[in-house]
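Engineer: Once you have looked at the hints, place chain B on chain A.
Chain order of the listed sequences is A and B.
Residue numbering for the first sequence is 302 to 581, as defined by this note's numbering.
Residue numbering for the second sequence is 6 to 326, as defined by this note's numbering.
A few of these clues could be false.
Claimed, not checked - In silico negatives: residues of chain B with every beta carbon more than 12 angstroms from chain A:
no.: 1; residue: Pro95
no.: 2; residue: Asn180
no.: 3; residue: Ala198
Claimed, not checked - Chain A stretches covered by chain B per the calculated footprint, using a threshold of three residues with CB under 8 angstroms from any CB of chain B:
no.: 4; stretch: 339–349
no.: 5; stretch: 521–530
Hints are computed from structural coordinates only; laboratory data are not their basis.
Idealized CB from N, CA, C, for every residue including glycine.
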Amino acid sequence: MTVQHPARRRGPDPRAVRSSLLALASCVVVFGALIWIVVNAPGWPAVQTSFLNGQVFWDTLPGLLDAFIINIQLFVTAEVLVLVLGLVLATMRSLHGPVFLPIRVLSNAYTDLFRAVPGVLVIFILGFGIPGLGLIDPKTDQRLFGIIALTLVYAAYVSEVYRAGIESIHPSQDAAARSLGLSRMQSLRHVVIPQAVRRVIPPLLNDFIGLQKDTVLVSFIGVVEIFRYSQIVSAATYNFTPYVAVGLVFVVITVPLIHLVDWLAKRGFGSAVTASGAVR
Amino acid sequence: MPRSFTLSLGLATLVLVAACSASTGASSSASTAASAAATVAPSVAASAAPSVAPSASAALTDCATNAVVTPGKFTIGTDNPAYPPYFAEPAASAKPTKPWQIGDPTNGNGFEAAVGYAIADKLGFTKDEVAWIVVPFANSFAPGPKTFDIDLNQVNYKTERTQTADLSKGYYFGNQSVVTLKDSPFAKATTIADLKGAQWGAQVGTTSLDAINTLIAPTKKALVYDTNDLAVKALGQKTIDAIMVDLPTADYITNVQVQNAKIVGQFQGATPEYFSAVLQKGSKLTDCVNQAIDALTTDGTLDNLVKQWLPFQAAVPVIKP
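One chain only, chain A, in its complex shape:
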């Protein structure tokens, strides 16, 4: 494919320059045309006033960021719990032997159930159901129910990610560890899981991104987090700009994380680990 130059001249490769310029021109034409079409649509001024209202945007932003602190509390706390509970579930499921059947069944049932039920329902059922039982103080902070619900749902996803990682480790690793005299649990703890976790960091971060966005569902049980706050402002001003602003906040938070995932993948996390890099 690549033809070697007989002698590399100094300065940029003219063909590279040409292809960059072409890419630039093509981008200008395509995005220019898209923007031209949107901006010249008959309803554009109305859409602009409703969705891209600068005044509403700047008036709303401080309150939105303030409300976003609640989302951060929710996803940071839930993520820590998810990583722990997910690993426990995956380990339970990776135990071999007939004695451990009830544990495997329990773990299976858990992941089936909580991956099947929509997250918003779990939030609803906990937020409205648990206080209704009358066993705990009904004034218990609703954020707590949000955190528990998100943890229950995302631990199910994450345990499957861990399990995929554990199963991707070649059985010879376990066999070698066992032949050195390690028990099954010791082999899991010191040999299999460290390699497995390293391998699944990119999909774990993916689930973390999903969790971040799902914190808005906690608004359903009354918590005024960023989405509920934007709804309040939107209804008060009859304007949709606050929703666009919420979208922007999530983009700003999430895009760096997505690129971190890509970067990690490039550095070898998530791909097959070489024998030399197997155990650290």
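Structural biologist: This is chain B only, laid out in the frame that chain A set:
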């Protein structure tokens, strides 16, 4: 490939940023112009003569026939489910006509249903020419052509709202009120200070939430629910101590939804709140609907409808500052 992708991504971002910064400048000036226009528009004096006959004046009929979205029909929007006492349920054992869930606007019973038909009548439409459609709250102010002529959905007038929609003159002047459970420590409150320590709840998008934050300024952050029903459920299981709602809604909650709840009192704010009909921004109808509402006020129709459908206002004590 990766390089050109990064390049195009960068370009797209640049273009978007440029477009956004350009638009913010333009739109803020546009919106100030819009709000200025809105404050002028509704102050048209009632030209309709206060005649006894409830029929439409010729001027109003002319105004309306050319401005409605569906020729020959007066289309009124409201959210579904529509609740009593604004939209009455059909008589026992009958089901509401589709697609209505609880209250049925088409029977003309209930305060807003009756107001809708009264406005239509003033504009020269017969009962058969009135069409009711479902308009979720957010759709009532979404940009683009409207599917309704007027939207009656207990929308309280707010100046900010007139940037993207026309709001008519008030057809109901009412107060916010507090609902608690009968056995709640806040059930005997008589002053605003008594209510500051309560865990408040309200429906999202209502001026009731504003009232909580401005009138009460509670010590705990209010919980905000999607619907009044959810707020009422939270009240029932004591997650919240008190709900702020429009007085007619409070009556429905305490009479129908939660048997052991009571209206603690109503608030008389410095500026009285009122319900407005929502119309397309700059609609030709706004003017005639305002005239129709003026006429209905002058001839006593609105007062009678309040007496018929919302007959409890005087009995509720006023919460002192």
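Engineer: Against each hint, give a clear statement of whether it holds in the structure.
Structural biologist: We went through each hint and held it up to the structure:
no.: 1; hint: Pro95; in the structure: holds, 29 angstroms
no.: 2; hint: Asn180; in the structure: holds, 19 angstroms
no.: 3; hint: Ala198; in the structure: holds, 20 angstroms
no.: 4; hint: 339–349; in the structure: holds (count 6)
no.: 5; hint: 521–530; in the structure: holds (count 6)
When each numbered hint is compared with the structure, no violation occurs for any of them.
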